[in-house]
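> If you want the building blocks of each chain, they are given just below.
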Amino acid sequence: MPNVAKGDGMRGLAVFISDIRNCKSKEAEQKRINKELANIRSKFKGDKTLDGYSKKKYVCKLLFIFLLGHDIDFGHMEAVNLLSSNKYTEKQIGYLFISVLVNTNSDLIRLIIGSIKNDLLSRNAVHICLALQCIANIGSKEMAESLAPEIPKLIVSGETIDAVKQSACLCLLRLFRTSPDTVPSGEWTQRVGHLLNDQHLGVVTAATSLIHTLAQKTPEDFKNCVSLAISRLSRIVTSSYTDLQDYTYYFVPAPWLSVKLLRLLQVYPPPEDPAARGRLNECLETILNKAQEPPKSKKVQHSNAKNAVLFEAINLIIHHDTEPTLLVRACNQLGQFLQHRETNLRYLALESMCLLASSEFSHEAVKKHMDTVITALKTERDVSVRQRAVDLLYGMCDKSNAEEIVAEMLAYLETADYSIREEMVLKVAILAEKYPVDYTWYVDTILNLIRIAGDYVSDEVWFRVIQIVINRDDVQGYAAKVVFEALQAPACHENMVKVGGYILGEFGNLIAGDQRSSPMVQFQLLHSKYHLCSAPTRGLLLSTYIKFINLFPEIKGQLQDVLRNNNNLRNADAELQQRAIEYLQLSTVASQDVLATVLEEMPPFPERESSILAKLKKKKPNVSDIEVVKEGKKSSNPPTLNNSAANTPEATPASAPVPVMAAAPAPVQSASDDLLGLSAGPAAAAPITNNFAAPASFAAPAAPAGGGGLLVDVFDTPPAQNNVSSALAPQAEENFFNAPAGETAPSGDTPASELDGRFAIKNNGVLFENELLQIGVKAEYKGNLGRLGLFYGNKTSYPFQFFTPTVSCPGELASALNVQTKPLDVNTVEGGAQVQQIINVECISDFVDAPVLSIKFSYSGSMQQINLMLPVMLNKFFEPVEMDATTFFNRWKQLNSPGQEEQKIFKATFPIDSDTSRTKLLGFGFGLLDGVDPNPDNFVGAGIIKAQSSQVGCLLRLEPNMQAQMYRLTLRTSSTSVTTRLADLLLKLF
Amino acid sequence: MLKFILLVNKQGQTRLAQYYEHPEQDRVSIERDIIRKCLAREDSQCSFLEYKNFKLVYRRYASLYFIVGVDHMENELAILELIHNIVETYDKYFDKVCELDIMFNLDKAYMILEEMVMNGRIVEMNQNRILLPIRVMDQAAQ
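From first to last, the protein sequence lines stand for chains Z and L.
Read in full-length UniProt numbering, the first sequence has 962 at position 962, and its numbers run on one by one without any break.
Read in full-length UniProt numbering, the second sequence has 116 at position 116, and its numbers run on one by one without any break.
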């Protein structure tokens with residue numbers, strides 16, 4: 001055979017390629033290419049019709065340019081023309097160009113279908129093959145539609161020559177993958193299986209691929225192939241290497257075909273027919289035996305080909321997972337490979353062993369190789385091999401070796417490649433949780449993780465350790481001690497500060513007896529990290545401080561100093577500022593008893609699947625398979641941390657209400673497992689944030705206050721569905737949802753927040769909703785009287801029994817508001833049904849708090865309790881007043897004694913818009929007085945609060961400042977308490 | 001199945017590229033990235049490389065790298081030997097094949113490959129049969 005530029009020698013092409021190679025720079029190359037492209041373009045466009053040879057030459061040049069990384073946007077038509085040439089060489093170039101350069105969804109496809117069809121019908125086998133190969137490589141939906149019916153005939157016809165059969169198999173496979181529906185089913189599907197018996201191994205090779213794909217789709221249709229594949233495999237495996245002549249590769253008979261047959265068998269379960277099964281096992285044993293024989297050649301090709309078959313056989317053995325002897329033999333064979341000098345074999349052995357580890361038959365056998373694998377982790381020079389070793393250690397880990405494996409993985413983590421750290425962290429966290437030696441070990445392990453690879457510890461991991469510590473009271477003291485020690489390190493990862501802050505906030509008292517970790521020392525230690533931390537962590541620490549105020553009243557002063565510090569009180573971060581203000585206020589106004597209740601220790605978390613596992617699955621989809629197999633097969637496993645801890649919360653719910661909520665009535669008091677779980681999540685934060693509920697704009701960031709809200713995210717629950725925490729945050733516009741502030745803060749001094757702005761200006765809406773119950777409200781007010789209709793809707797399909805809503809007026813409210821509730825006619829709310837209740841209210845005098853609606857009912861055997869506030873606010877008893885400018889100014893001047901005026905300058909929470917503001921003020925109850933204020937942007941309004949005991953006139957002036965996005969609100973009324981209350985309510989609207 | 005076959009020289013120039021599945025990203029940048037990863041590896045490292053959602057199996061012959069992208073079902077060693085079989089077949093046809101042979105006879109190089117791998121599956125591994133059509137063509141041209 002001739003060498004360079006052989007055959008029909010395209011000189012121009014050779015010259016061009018030489019030119020390119022001689023180019024000294026990228027620019028020169030580009031220039032030469034541009035020149036050539038221009039040349040070809042002009043040739044194609046020229047008047048002179050090019051002969052086939054020239055077209056072929058230019059197409060070759062284009063192909064070369066394409067390979068250099070340039071896009072080719074012309075020449076396609078010339079390639080299409082080449083298809084209709086009768087010369088094999090030209091036709092071949094045309095097909096080549098199309099196969100390499102044409103995209104499956106190109107318009108060109110339609111143009112070439114005709115040519116392809118012609119070639120398919122041609123009597124020249126070489127032309128048929130070219131057409132089939134082309135379809136096999138670029139076959140599209142259009143091609144499938146017009147050509148698919150032709151192909152099966154070619155495959156099963158006795159007259160077709162072998163080469164055509166091969167191409168036809170792959171061609172059909174392509175069309176089947178592109179659009180399965182267009183491939184006709186029929187009698188040929190039965191006959192295609194028999195190609196496995198074909199004399200010609202090339203045909204068998206091609207047919208096996210086709211059958212494999214078809215069988216994956218409809219295994220039943222190709223069941224007869226199992227025995228055919230086994231007998232074919234058996235003939236190959238037992239043949240001597242001279243039998244198969246050209247299909248023997250380095251003394252291995254038909255290795256690629258053997259691999260394909262073994263893979264085809266992996267589509268099916270082990271054959272039921274004992275004869276077939278016996279024959280298959282013989283084959284597999286023979287393959288395993290051959291691995292032990294001395295090699296017939298020293299060449300790596302020989303061993304690679306032999307081992308390719310061996311690994312595929314092992315895959316089949318693992319897939320069947322029914323033959324303990326074969327599984328253990330496979331494991332031993334892989335064990336030998338673990339120490340092989342070929343890196344490739346070590347890599348593959350680790351990979352396959354990982355699968356073996358999940359089989360109950362070979363799990364123990366795999367464990368014997370632990371030391372070797374650990375050595376691999378330490379000594380392998382190739383990171384991809386080390387990665388496999390990590391996977392295998394993870395796969396072989398169980399209760400018996402968890403301590404050692406986790407220790408080794410932790411040690412490796414110190415030097416591990418950055419690319420695999422995050423995944424390793426997840427794996428260590430999962431193993432530590434799944435197979436805990438004891439809980440102190442678990443806590444130590446996770447803290448070590450944070451210490452070694454803090455940056456790679458995702459939120460799920462540190463959330464989880466907190467959940468577990470909270471759920472296990474036997475480990476809490478220990479956890480407090482070790483986090484305290486860990487925090488003493490001079491440089492300490494922020495994740496450590498988070499865990500430390502949270503745990504000390506809950507359980508710091510357990511170690512406070514020791515002088516070395518006295519309350520003051522704990523506080524100073526945490527606070528020394530404060531300024532180095534990000535805002536979310538600072539927020540968490542602020543929650544720790546308020547918890548400390550409860551745990552350690554003796555250092556209340558210092559803690560309040562921190563809250564009072566301008567860095568916090570006036571922090572630009574709204575969340576921090578809000579926490580500082582609210583916590584400071586809470587610590588000032590609440591009695592020790594109230595504090596103790598509000599800041600009660602966290603209730604246990606509900607048990608779910610570890611979110612860390614979910615995360616790992618997401619990261620590595622192929623891991624999940626292993627995990628599933630493992631979980632499925634090992635139901636007899638010793639209880640994991642998950643299971644054992646699961647008992648804790650289940651014992652609590654129904655009878656005993658969760659303490660946190662009892663006295664500082666958090667919105668939802670439910671005892672069902674699910675609700676408890678979810679509401680328990682944010683409990684630490686909930687009583688705090690909700691008593692001083694944030695303005696709506698703060699809702700989203702406010703939710704994770706204290707880290708509690710964050711922890712809820714850990715469970716993979718869609719927040720909208722049944723996550724009470726999302727309802728807790730006053731973000732859902734329709735939700736009116738609050739804890740009465742009366743008991744925690746004296747009236748008149750309440751931070752202006754607890755009433756939801758939405759219900760201040762409207763009377764109807766959804767008051768509450770969780771996955772069980774929806775409560776709607778419709779209200780009407782006239783003078784000092786109001787009438788509320790409450791609609792309780794049962795969202796489930798089971799009845800609520802003993803359904804008893806009661807309304808109460810806490811504290812001073814009882815004398816200010818007269819509430820009459822009509823008892824319900826029924827005490828059962830059927831599934832899907834709605835019942836209505838009417839509540840009459842009468843305003844005696846001005847008030848701050850809202851009446852509390854408390855609902856108790858039994859749902860599938862467990863008592864539920866829900867506490868919420870009714871949207872009854874002072875401004876509901878407001879009536880607008882019209883007056884002229886003179887009257888207004890006279891009255892304005894009269895109301896000038898101290899306490900009668902309240903002025904607030906505040907930042908706009910919502911975009912400033914005149915129309916919206918007008919609607920809000922009207923909805924609030926004011927009569928708006930136009931033309932009183934010389935500035936048309938300002939609002940002036942008047943109204944009367946109609947209480948039974950007194951009527952209070954109110955005047956308002958609201959001045960928006962667009963530039964600064966601020967408002968100035970001035971209110972004058974004859975009653976100090978009314979002024980304050982209305983100002984607070986109004987503040988939240990703008 | 002095979003996703004693509006690349007022939008690349010040590011300078012990172014692609015000498016042959018055949019895709020069996022359309023590359024998700026821009027072909028040029030993905031090739032560059034794959035080549036960089038393979039060139040950076042030492043001989044002592046294993047011939048398999050996890051890359052995005054598939055695996056690379058590669059083998060070096062003098063200055064030429066053969067890189068095959070495969071899915072996770074594929075048997076790595078079988079692919080490694082497929083590469084060698086391709087090289088041997090080239091060698092048989094071109095007689096002491098070198099990079100230049102591939103460059104100057106791109107059409108032939110593709111044609112041989114086409115006979116061996118179609119639609120991402122191995123179809124023929126018998127070197128004599130692989131070379132049959134191309135010999136027919138050479139005869140026709142003479």
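Fair warning: there could be bad hints in the mix.
If you anchor each label on the Cβ, the simulated ranges turn out as follows [stated by the list, open to error]:
| id | chain 1 | residue 1 | chain 2 | residue 2 | range |
| --- | --- | --- | --- | --- | --- |
| 1 | L | Arg32 | Z | Thr49 | 38 to 46 Å |
| 2 | Z | Thr379 | L | Leu132 | 42 to 50 Å |
| 3 | Z | Gln30 | L | Arg36 | 14 to 22 Å |
Here are the computed lysine-lysine pairs in the DSSO-like style, where the Cα-Cα straight-line distance is at most 30 Å [claimed, not checked]:
| id | chain 1 | residue 1 | chain 2 | residue 2 |
| --- | --- | --- | --- | --- |
| 4 | L | Lys37 | Z | Lys31 |
| 5 | L | Lys52 | Z | Lys217 |
| 6 | Z | Lys217 | L | Lys92 |
| 7 | Z | Lys217 | L | Lys55 |
| 8 | Z | Lys223 | L | Lys3 |
| 9 | Z | Lys367 | L | Lys55 |
| 10 | L | Lys3 | Z | Lys299 |
| 11 | L | Lys37 | Z | Lys299 |
| 12 | L | Lys52 | Z | Lys298 |
| 13 | Z | Lys48 | Z | Lys87 |
| 14 | L | Lys55 | Z | Lys290 |
| 15 | L | Lys55 | Z | Lys617 |
| 16 | L | Lys3 | Z | Lys141 |
| 17 | L | Lys10 | Z | Lys296 |
| 18 | Z | Lys299 | L | Lys96 |
| 19 | Z | Lys299 | L | Lys10 |
| 20 | L | Lys55 | Z | Lys31 |
| 21 | Z | Lys856 | Z | Lys893 |
| 22 | Z | Lys24 | L | Lys96 |
| 23 | L | Lys10 | Z | Lys617 |
| 24 | Z | Lys26 | L | Lys10 |
| 25 | Z | Lys298 | L | Lys55 |
| 26 | L | Lys92 | L | Lys3 |
| 27 | L | Lys52 | Z | Lys87 |
| 28 | Z | Lys298 | L | Lys96 |
| 29 | Z | Lys378 | L | Lys37 |
| 30 | L | Lys92 | Z | Lys299 |
| 31 | L | Lys52 | Z | Lys617 |
| 32 | Z | Lys378 | L | Lys92 |
What the hints contain is simulated information worked out from the structure, not anything from laboratory work.
Since the structure is predicted, the reported quantities are computational estimates derived from the model, not experimental observations.
Beta carbons: idealized from backbone N, C-alpha and C, even for Gly.
> Report the numbers of all earlier hints that the structure fails to satisfy, in ascending order.
6, 12, 17, 20, 21, 23, 27 and 32
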